[in-house]
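Novice: From just these sequences and the hints, can you work out the full model?
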Amino acid sequence: MRTVSGKDDRELADLLRSALAGDERAYARFLEQVARLVRGFARKRAGSGGVDPEDVVQETLLSIHAKRHTWRTDAPVLPWVFGIARYRMIDAYRKRGRRVEIELDEIMETVAQPEEDAVSVRDIGRALEALTPGQRLVVSAISVEGHTIAETAAKHDMSQVAVRVALHRGLSAIAKKFGQG
Amino acid sequence: MDTDALIRTLAADITRPSWPLSRTWWAALAAATGLAALVFFTAVGPRADFAEAIATLRFPFKFVVTSVLAVSAFGLLRAISRPEAEARTLWASLLAAPVLVLAAVVIELLVVPQNDWAARLIGTNNIHCLVLIPLIGAGPLGLFLLALRHGAPPRPGRAGAVAGLLAGGLAATFYAAHCFDDSPLFVATWYTIPIAGLTAIGALLGGRIARW
Numbered sequence: 246m247r248t249v250s251g252k253d254d255r256e257l258a259d260l261l262r263s264a265l266a267g268d269e270r271a272y273a274r275f276l277e278q279v280a281r282l283v284r285g286f287a288r289k290r291a292g293s294g295g296v297d298p299e300d301v302v303q304e305t306l307l308s309i310h311a312k313r314h315t316w317r318t319d320a321p322v323l324p325w326v327f328g329i330a331r332y333r334m335i336d337a338y339r340k341r342g343r344r345v346e347i348e349l350d351e352i353m354e355t356v357a358q359p360e361e362d363a364v365s366v367r368d369i370g371r372a373l374e375a376l377t378p379g380q381r382l383v384v385s386a387i388s389v390e391g392h393t394i395a396e397t398a399a400k401h402d403m404s405q406v407a408v409r410v411a412l413h414r415g416l417s418a419i420a421k422k423f424g425q426g
Numbered sequence: 012m013d014t015d016a017l018i019r020t021l022a023a024d025i026t027r028p029s030w031p032l033s034r035t036w037w038a039a040l041a042a043a044t045g046l047a048a049l050v051f052f053t054a055v056g057p058r059a060d061f062a063e064a065i066a067t068l069r070f071p072f073k074f075v076v077t078s079v080l081a082v083s084a085f086g087l088l089r090a091i092s093r094p095e096a097e098a099r100t101l102w103a104s105l106l107a108a109p110v111l112v113l114a115a116v117v118i119e120l121l122v123v124p125q126n127d128w129a130a131r132l133i134g135t136n137n138i139h140c141l142v143l144i145p146l147i148g149a150g151p152l153g154l155f156l157l158a159l160r161h162g163a164p165p166r167p168g169r170a171g172a173v174a175g176l177l178a179g180g181l182a183a184t185f186y187a188a189h190c191f192d193d194s195p196l197f198v199a200t201w202y203t204i205p206i207a208g209l210t211a212i213g214a215l216l217g218g219r220i221a222r223w
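Residue numbers (our numbering), protein chains in the order written: chain A, 246 to 426; chain B, 12 to 223.
Just so you know, the hints here were simulated from the structure itself, not pulled from any lab data. Any given hint could be a false lead.
[What the hints assert, rightly or not] Here are some, though not all, of the chain A residues that point toward chain B, as calculated from beta-carbon distances under 10 Å:
#1 GLY267
#2 GLU277
#3 ALA280
#4 ARG331
#5 ILE335
#6 GLY391
#7 GLY415
#8 LEU416
As the structure is a prediction and not an experimental result, all values here were calculated from the model. Backbone N, C-alpha and C define an ideal beta-carbon position, used for all residues, glycine too.
Specialist: Quick look at the structure:
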């Protein structure tokens with residue numbers, strides 16, 4: 246357990262800059278660390294009202310992905326991350342008919358929580374059902390079966406470009422579904 | 012789907028990122044200005060005595076007020092279209108234009124005889140003003156709302172309202188070049204109403220379009 250610091254911010258900002266330049270592994274490491282930080286905040290704030298903290302973590306990751314162009318690459322990254330987490334938390338409560346106010350300063354005092362296996366079927370898993378068959382094939386090949394883009398392309402006799410496009414559209418559709426609920 | 016699977020999936024999708032938001036705002040401003048200019052010159056154009064009027068005090072002051080409004084709204088809108096924006100960010104800058112107008116109204120009341128107040132307030136062009144500012148501002152408002160949708164505003168409705176203010180300030184800057192009524196009494200009344208209308212429409216649409 247530790248609090249977030251300027252050093253964390255610089256490390257995460259470096260990872261996200263590499264990710265935006267196309268480095269997949271840097272992006273995965275960035276998202277893993279962000280998931281841990283957001284989980285700490287989500288567990289603290291989602292305790293009441295039937296909001297599942299891990300849902301908030303996952304929706305935050307999706308929003309980070311969909312809105313990654315809103316980060317100014319010379320700005321601190323944690324206020325941006327927690328700004329997105331705050332929005333998803335408020336939205337989760339709103340969908341259950343409740344209004345909450347959250348200050349960013351309050352979140353920044355959050356603590357990093359150790360990661361825990363999340364095995365239950367989540368909303369995002371259900372959102373897969375709303376995709377076209379092609380999108381679902383690709384998204385589940387990569388997410389559930391853990392294949393790379395190249396493997397998925399070979400397995401389903403698709404081009405890598407087609408796999409990337411289907412993945413991108415599928416993820417956009419899932420992200421949009423959360424924005425409209 | 013567990014969180015690790017989600018991270019794996021998102022990482023595989025990190026192809027080229029879309030347009031950075033800062034660039035989007037400048038592009039939207041340029042396109043909105045072009046669109047407003049097009050509607051303005053097609054529909055009405057500048058007043059005939061523009062060259063003489065610009066040497067007076069009241070005529071150029073209209074541009075000062077409307078462009079101060081547009082500039083402050085643009086700065087605020089860019090800030091509040093990002094997820095890390097705090098509720099209190101920069102809102103004070105929006106007071107600049109109203110304070111300028113109020114000061115000008117006070118001076119106008121001091122220098123103009125009371126008998127002329129009503130005529131200056133009502134002016135000759137007020138229906139024009141109510142119609143043309145929304146007409147010129149509608150396209151820009153649409154563009155700013157699209158840019159806002161590309162962003163991630165923590166409060167989409169409020170951000171939409173500021174987009175309406177920006178569209179109103181931009182439209183009023185063009186409209187001011189056409190309008191013969193230069194008294195601050197007229198501006199404070201007949202410019203405020205359509206700009207407030209655009210702001211309300213922006214708030215309403217922003218709350219729907221810019222949710223994410």
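Novice: So, ILE335(A) near chain B? Judge it on the closest CB pair being under 10 Å.
Specialist: 8 Å, holds
Novice: When the nearest CB of chain B is found for GLY391(A), is that gap smaller than 10 Å?
Specialist: 6 Å, holds
Novice: How about GLY267(A): closest beta carbon in chain B under 10 Å, or not?
Specialist: 7 Å, holds
Novice: Is the hint on GLU277(A) kept, meaning its closest Cβ partner in chain B is under 10 Å away?
Specialist: 6 Å, holds
Novice: Quick check on GLY415(A) please, does its C-beta sit within 10 Å of some C-beta on chain B?
Specialist: Hint holds; GLY415(A) Cβ to chain B Cβ min 9 Å, cut 10 Å.
Novice: Using 10 Å as the Cβ threshold, decide whether LEU416(A) counts as touching chain B.
Specialist: Holds - the Cβ of LEU416(A) comes within 10 Å of chain B, reaching about 6 Å at its closest.
Novice: Close enough to count: is the Cβ of ALA280(A) nearer than 10 Å to one in chain B?
Specialist: 6 Å, holds
Novice: So, as I understand it, the hint says ARG331(A) touches chain B; can you test that by seeing if any CB pair is closer than 10 Å?
Specialist: 7 Å, holds
Figure legend: structure checked against the earlier numbered hints; every hint is met.
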